[in-house]
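Novice: Here is how the chains run, residue by residue.
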Amino acid sequence: MSDHPTSFQGSITDAIRNSIRASLTDASVEVSGGNGHYSIVVTSAAFEGKGMLESQRLVYSAIAPLMSGDGPPVHAVDSLKTVKPSRTV
Amino acid sequence: MSNVEATIRELVTTKKVVLFMKGSRHFPQCGFSAQCVDILNKLVPAYETVNVLSDPAMRDGIKKFSDWPTIPQLYVDGKFVGGCDIVKEMFANGELAETLGAAGAVAAGVGGASAAAPSGPPAIKVTDAAAKAILAAKESPTEDLRVIISPTFENELFFDGAQAGDIVVDAGAVTLRLDVASASRAHGLTIDFVDASGGGGFKLDNPLAPARAPSVRSMTPKALRSALDAHEPLSLFDVRTDGERATASVKDAIAMNENGQRHLGTLPKITKLVFMCHHGMRSRVAAEAALRQGFTDVWNLEGGIDAWSVEVDATVPRY
Numbered sequence: 026m027s028d029h030p031t032s033f034q035g036s037i038t039d040a041i042r043n044s045i046r047a048s049l050t051d052a053s054v055e056v057s058g059g060n061g062h063y064s065i066v067v068t069s070a071a072f073e074g075k076g077m078l079e080s081q082r083l084v085y086s087a088i089a090p091l092m093s094g095d096g097p098p099v100h101a102v103d104s105l106k107t108v109k110p111s112r113t114v
Numbered sequence: 248m249s250n251v252e253a254t255i256r257e258l259v260t261t262k263k264v265v266l267f268m269k270g271s272r273h274f275p276q277c278g279f280s281a282q283c284v285d286i287l288n289k290l291v292p293a294y295e296t297v298n299v300l301s302d303p304a305m306r307d308g309i310k311k312f313s314d315w316p317t318i319p320q321l322y323v324d325g326k327f328v329g330g331c332d333i334v335k336e337m338f339a340n341g342e343l344a345e346t347l348g349a350a351g352a353v354a355a356g357v358g359g360a361s362a363a364a365p366s367g368p369p370a371i372k373v374t375d376a377a378a379k380a381i382l383a384a385k386e387s388p389t390e391d392l393r394v395i396i397s398p399t400f401e402n403e404l405f406f407d408g409a410q411a412g413d414i415v416v417d418a419g420a421v422t423l424r425l426d427v428a429s430a431s432r433a434h435g436l437t438i439d440f441v442d443a444s445g446g447g448g449f450k451l452d453n454p455l456a457p458a459r460a461p462s463v464r465s466m467t468p469k470a471l472r473s474a475l476d477a478h479e480p481l482s483l484f485d486v487r488t489d490g491e492r493a494t495a496s497v498k499d500a501i502a503m504n505e506n507g508q509r510h511l512g513t514l515p516k517i518t519k520l521v522f523m524c525h526h527g528m529r530s531r532v533a534a535e536a537a538l539r540q541g542f543t544d545v546w547n548l549e550g551g552i553d554a555w556s557v558e559v560d561a562t563v564p565r566y
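Protein sequence lines correspond, in order, to chains A and B. Just so we're aligned: the first sequence equals residues 26 to 114 in the working numbering. Just so we're aligned: the second sequence equals residues 248 to 566 in the working numbering.
Think of the hints as simulated: they come from the structure by calculation, not from any bench. A couple of the hints might just be wrong.
Stated by the list, open to error - Okay, derived cross-link-like pairs now, DSS-like style, lysine-lysine, Cα gap no bigger than 27 Å in a straight line: (1) B:K335 / B:K289; (2) B:K469 / A:K106; (3) B:K385 / B:K311; (4) B:K335 / A:K75; (5) A:K109 / B:K335.
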């Protein structure tokens, strides 16, 4: 996998988690990955009654600042799962 | 409205299915784009792709247009469907086939089958011989025969476990699994097994499959003789060398030299063409080339002028 240099300082996985929780306050967030590529699983009541597209939009808009500009800390979201708490067992 | 926005709007509203991706349908340059292409290939025969790598303005433009930060992006009927994760999930649960239904059915030319079919399992007939072969090949009790029928009606058979969204067909002694799109193309399908020396093979007969692309057909010397005698409209091309023609020839045959080539180019594409040579090999190559030029009624004189001499006209010398 190619390198994706970024000037971002600190833990990118923490930054992703914090950005998501800042807009979806109840969310539980799992982030894995590195080197620009991340997989994210978010569970939040905010997804109730919403389709996959809208749910993913909520997450993407929360982390948009991390994905924009030159050499962004998040180059690609390899996989994004949005989970409704009512669906979990 | 910026230029690129106008271009995108035009694209997604005039084309049924548009995939904004990295690379092209045949050469995807990113794993996620490739996954989307694979899925679309299973569901629709034709769709538009836009390579964002060849146009930075498009790459930024589509992200803004959809308010979506990643590529690939799929549009159907002017509506944003989603990125790779969504496309994959919607494929697995059958929603994507439904979304594409209207578009797919028209493009596949099978009437409303794709759109209407997901309501129930298709009727598939598995012959006794095929059932026996399937059961003999089956190795795991948790796997069944998966039948994949592509939008262009190419078939694939293999053993596979259950997948989300499967349509399960109980065909007597065997169980078949199909994805929703394949199921929509499987109504009336017959699966047979043909035994042959050196191992048999499955033979699928699908009434929904469109007629095959034209291929070169075989003509016997006798059939050519009666066609010529009846003055059937056809053009007979002799692809041999001038020297061979001087040795032996068939009356009415057009020499496939430069003049002959030019003449061929002027003929309507529906013209019945017959190609001949010494033994039927060179003429077959020429016939295949004529098909590629767009001719549809193309024949090869099997056995060439040698067979003609033996079967039809002994006055033509053999050489």
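Novice: All hints are to be evaluated individually against the structure, with a verdict given for each.
Specialist: To see whether the hints hold, each was checked on the structure:
1. B:K335 / B:K289: The given pair, whose Cα atoms are some 12 Å apart, holds under the 27 Å limit.
2. B:K469 / A:K106: violated (68 Å)
3. B:K385 / B:K311: This hinted pair is violated, its Cα atoms lying about 51 Å apart.
4. B:K335 / A:K75: holds (18 Å)
5. A:K109 / B:K335: Judged against 27 Å, a Cα distance of about 18 Å means the pair holds.
The earlier numbered hints that this structure contradicts are 2, 3.
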